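Colleague: Chains as they are written, first to last, in numbering that gives the first Met the number 0: chain A, 0 to 247; chain B, 0 to 470.
Derived from the structure by calculation, the hints contain no laboratory data. The model shown is predicted, which means the values in this text are computed figures rather than measured ones. Just so you know, even glycine gets a beta-carbon here, dropped at the ideal spot from N, CA and C. Among these hints, one or two may not hold up.
[As the list claims (entries may be wrong)] Over the 10 Å line for every Cβ pair with chain A, so calculated as not near, a few chain B residues:
1. Pro41
2. Glu69
3. Arg222
4. Gly285
5. Arg374
[What the hints assert, rightly or not] Heads up, simulated DSS-like pairs for lysine-lysine below, C-alpha to C-alpha not over 27 Å straight-line:
6. A/Lys182 x B/Lys403
7. B/Lys403 x A/Lys97
8. B/Lys35 x B/Lys24
9. A/Lys182 x B/Lys349
10. B/Lys24 x B/Lys144
11. A/Lys182 x B/Lys144
[As the list claims (entries may be wrong)] Which stretches of chain B does chain A cover? Using the computed rule of at least three CB atoms under 8 Å from a CB of chain A, they are:
12. 321 to 330
13. 409 to 417
14. 433 to 443
15. 446 to 454
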Amino acid sequence: MLVSLFITCFNDALFPQTGQAVVTVLERLGCEVAFPEAQSCCGQMHNNSGYQQEAVSLVRRFVEVFEDAEAIVAPATSCVAMIRGQYPRLARAAGDAKLERRVAALAPRVFEFTEFLTDRLGIEDVGAYYPHRVTYHSSCNSLRALALGDRPLRLLRAVRGLELVELAWAEECCGFGGTFAVKNAETSTAMLADKLRHVLDTGAEVCTAGDNSCLMHIGGGLSRQRTGVRAVHLAEILACTEQTAPAS
Amino acid sequence: MTAETFPQRAHRSLRDSQLRRNLAKATSTIRTKTAKVSAELPDWEALRDAGQAIKRETLAELDRHLVALEESVTRAGGVVHWAADAAEARRIIVGLAKAHGAEQVIKIKSMTTDEVELNPALEAAGIRPFETDLADMIVQMAHEKPSHLLVPAIHKNRSEIGALFRDQMDRPDLSDQPGDLTRAARAYLRDKFIETPVAISGANFAVAETGSVVVVESEGNGRMCLTLPKVLISIMGIEKVLPEWEHLEVFLQLLPRASTGERMNPYTSIWTGTQAGERRAGDGPGEFHLVLLDNGRSKILADEAARATLHCIRCSRCLNVCPVYQRAGGHAYDSMYQGPIGAILTPQLKGLDAAGSLPFASSLCGACQEVCPVRIPIPDILVHLRGRVVREGHAGLGEGLAMKAAGTLFDHPALMALALSMGRAAQAPLARDGRIERLPPPLDGWSLGRDFPALPKESFRAWWKRRKASR
Chain A
0 MLVSLFITCF NDALFPQTGQ AVVTVLERLG CEVAFPEAQS CCGQMHNNSG
50 YQQEAVSLVR RFVEVFEDAE AIVAPATSCV AMIRGQYPRL ARAAGDAKLE
100 RRVAALAPRV FEFTEFLTDR LGIEDVGAYY PHRVTYHSSC NSLRALALGD
150 RPLRLLRAVR GLELVELAWA EECCGFGGTF AVKNAETSTA MLADKLRHVL
200 DTGAEVCTAG DNSCLMHIGG GLSRQRTGVR AVHLAEILAC TEQTAPAS
Chain B
0 MTAETFPQRA HRSLRDSQLR RNLAKATSTI RTKTAKVSAE LPDWEALRDA
50 GQAIKRETLA ELDRHLVALE ESVTRAGGVV HWAADAAEAR RIIVGLAKAH
100 GAEQVIKIKS MTTDEVELNP ALEAAGIRPF ETDLADMIVQ MAHEKPSHLL
150 VPAIHKNRSE IGALFRDQMD RPDLSDQPGD LTRAARAYLR DKFIETPVAI
200 SGANFAVAET GSVVVVESEG NGRMCLTLPK VLISIMGIEK VLPEWEHLEV
250 FLQLLPRAST GERMNPYTSI WTGTQAGERR AGDGPGEFHL VLLDNGRSKI
300 LADEAARATL HCIRCSRCLN VCPVYQRAGG HAYDSMYQGP IGAILTPQLK
350 GLDAAGSLPF ASSLCGACQE VCPVRIPIPD ILVHLRGRVV REGHAGLGEG
400 LAMKAAGTLF DHPALMALAL SMGRAAQAPL ARDGRIERLP PPLDGWSLGR
450 DFPALPKESF RAWWKRRKAS R
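This is chain A alone, in the form it adopts within the complex (with noise of 0.2 Å):
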């Protein structure tokens, strides 16, 4: 099958290692990945801090950029949700009917990463090895917007090697919600603070998550205070395997 990775903004300049660890998992369950250099942004930033005209241009590139793919493989929750949730009503709003029929064409065929491999491919098990402690964060957008349920765990409990520890108050946001960490970071900070206590409280090494917006906030998180437990994207743990070394 041939799938067009839509790898988001925030992994192209900030995790491109995310983007290959997409890769070689796809690649490795026989997949041949495409990667059209047109795509940029989903516009969730604009559309989420009110700027919603400069998300339409954006919709607009997006459907333009993929129309014509089988599938569509991004490893971002939100960014899905919003392509799924946001992407109708704004092209409604914007009064466009022929963007609207568009973004209703082409939605069913995005998926996030974990959904896309266990509900299209039918995998659980990659065939991954991440000898680690790992405890799962579900981002706001994969329990609530996508309903992924336990997709991601799923994938997670087939890793060899790998010991999940339940995280605590698993519903509850991390605070990062975007431009809402900086133009309310006081509030932001608290929530953080006692996600980061759940975590610690597993004793796990690592943090895993499909989204790493809130990778980079729990991440930030850990890092500042010193914890020694570090943040990792779910798809890099599934790219592991005995042979390979991490995707770096």
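With chain A fixed as given, assemble chain B onto it according to the hints.
Modeller: Coordinates of chain B only, in the frame set by chain A:
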């Protein structure tokens, strides 16, 4: 004067460790209880659908239902008053109290009277208002403001309340035990119920078909207010009307389970007009006035993307699950409507210039929408209101320019690549071992408790190109 913003108020409340402790304890208790009793109903999701549908259909023909309500109330012997805004509502209610020569009035829990700032207007007219809901009474005695829709004194624990009662009720002997505190409040309030001829209440629902008004509460103090005084004045927002009696079946199940976590509401008072009215036989108030308040609600109704704000039945479940509310507390919202619902309702009532920071006081985590008994899409409405804040010019100029610039970069991948390489050069003095501990303004808030990852040497895009070339 520039109004204080949510982050400025939260700056204070986040440091109040007693408040943080009180809030965490109270909200987690209520949230566990509401989760349990809503999950036990096999048709809970169907009830939510019904609640949403009834509210949506009622709002679609609100004018017709309100006129029908007026007719029914009038037929039952009551008098209906229409208040376009807070000032008109104050004028009507103060006028009625004065006409009866009242020197004091008793009040039962009504956020709407807080919304129209009734108490200061009564005091200015020489009429002393006594709040009779226990928590409202505590807040009034302490000269504070409510911090939770349903539990107005949630920010106070019993030792703080004990100290307040000892001081205000002149009872130096009083302990902090809940039983003693309740007995003291009861003794204090009983006199007020008996000696005061005019009561002012809010309303949870009003049924257009019958002209009945409904108040639900847990203490019985509301029942006293609604039945003892000769004159009863009730004020309600126009969105509270329900077309039919049968609709109460849905809401009287949804509300207690979502709000206090009770299976059935302890005190449900329903009255229809006066004792002289067609439906009563010597029962009820001698005189009944119903004030229907608009105060911005018609404008919310006209905004299709925000209309569902008016579905709210004030259960407060969204507050109890909100991670922002739980930490910043109700006073950070500077409104009688706090938490997620407050973050969408308050700016629409008070204006975006006065309360424009509220729609941003959310991480958009969606916990509120997940539990709302009438399925209000609060995150979508927050985003819609953020758009209005920007379009109506209440966002900073700098932010607008930055967002435009980011938009341009995102739309031109080549420019983005250039910006990233400039970023790599610029971060050199800040980054150490792949981490930036201190970001420059306006992003410095991030650095409060978080490191930021330095830009890696190579973007994914550049890696992909390199890989393709080498194959």
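Colleague: Now tell me, hint by hint, if it's right for this structure.
Modeller: How the hints compare with the structure:
1. Pro41: At about 21 Å from chain A, B/Pro41 clears the 10 Å cut-off, so the statement holds.
2. Glu69: At roughly 36 Å from the nearest Cβ of chain A, B/Glu69 sits farther out than 10 Å, so the non-interface label holds.
3. Arg222: holds, 38 Å
4. Gly285: The claim holds: B/Gly285 sits with its nearest Cβ about 50 Å from chain A, beyond 10 Å.
5. Arg374: Correct as stated: the minimum Cβ-Cβ distance to chain A is 13 Å, above 10 Å.
6. A/Lys182 x B/Lys403: The given pair, whose Cα atoms are some 18 Å apart, holds under the 27 Å limit.
7. B/Lys403 x A/Lys97: Satisfied, since the Cα-Cα distance of roughly 25 Å is no more than 27 Å.
8. B/Lys35 x B/Lys24: holds, 17 Å
9. A/Lys182 x B/Lys349: holds, 21 Å
10. B/Lys24 x B/Lys144: Answer holds: B/Lys24 to B/Lys144 is near 20 Å, not above 27 Å.
11. A/Lys182 x B/Lys144: The given pair, whose Cα atoms are some 25 Å apart, holds under the 27 Å limit.
12. 321 to 330: It holds: at least three residues are needed, and the stretch 321 to 330 of chain B offers 4 whose Cβ sits within less than 8 Å of chain A.
13. 409 to 417: Answer holds; 4 residues pass the 8 Å Cβ test.
14. 433 to 443: holds (count 4)
15. 446 to 454: holds (count 7)
Taken one by one, the earlier hints all hold for this structure without exception.
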